[in-house]
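J.: What follows is the residue order along each chain.
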Amino acid sequence: DQQVKQNSPSLSVQEGRISILNCDYTNSMFDYFLWYKKYPAEGPTFLISISSIKDKNEDGRFTVFLNKSAKHLSLHIVPSQPGDSAVYFCAASAGSQGAQKLVFGQGTRLTINP
Amino acid sequence: NAGVTQTPKFQVLKTGQSMTLQCAQDMNHEYMSWYRQDPGMGLRLIHYSVGAGITDQGEVPNGYNVSRSTTEDFPLRLLSAAPSQTSVYFCASSALASSYNEQFFGPGTRLTVL
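Chains as they are written, first to last, in this note's numbering: chain E, 1412 to 1525; chain B, 17 to 130.
Where hints are given, some of them may not hold.
[As the list claims (entries may be wrong)] Going by beta-carbon spacing under 7 Å, a handful of chain E positions derived as facing chain B:
hint, residue
1, G1454
2, Q1517
3, G1518
Calculated directly from the structure, the hints in this document are not laboratory data.
Quantities reported herein were computed from a predicted structural model and do not represent experimental measurements.
The C-beta atom is built at its ideal place from N, Cα and C for all residues, glycine as well.
Work the whole structure out from these sequences, hints included.
T.: Following this line, the structure appears as structure tokens:
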């Protein structure tokens, strides 16, 4: 049973445009959400996070939106750059004790075209 | 600082063989964990530790053992390798000072079991 789902295996966006990556979850106990970026042959690196008490968090070109009623979050990248081409994982955790036990989505491969 | 290091980078085993995947971190992090990444499934938690001498099971612990004798090291042992354990293994660490901390990942070990 996949508790965190990224239904788009891949996404292709033109350089300079907005990239929107989506993530859905089913466990209503999740209260902390993170996005990780992964290049080939490297480990995932942390990108941005959001707590369930917020509905938006920004960091430079990256913004994460959380819709708790829909159990949906999205990552917006504006403007998209070639270096953003990578696999993006959405992850979630539940409660302070389980905050370190992340549940990951399947990942979305983002390709930025020049 | 080296961050999180993993050895070996690649390993090929025969069914039934045993081996240990090494993981070390130099950030004095209390929390360490092991994930496996399989195509189309994202990362899944195998085992984790909240400090030296304390370990617990994650989502997919069967066939794996861990121990945590020091803060720095968290080895993962495959007792009797099976083809289903062919995967990419990532070790991660984070501080426990706050419940909601990003996890830092190592570069991964690609394991093939024949």
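J.: Each hint: holds or not?
T.: Hints versus structure:
1. G1454: holds (3 Å)
2. Q1517: holds (5 Å)
3. G1518: holds (6 Å)
Violated hints for the displayed structure: none, as all numbered hints are satisfied.
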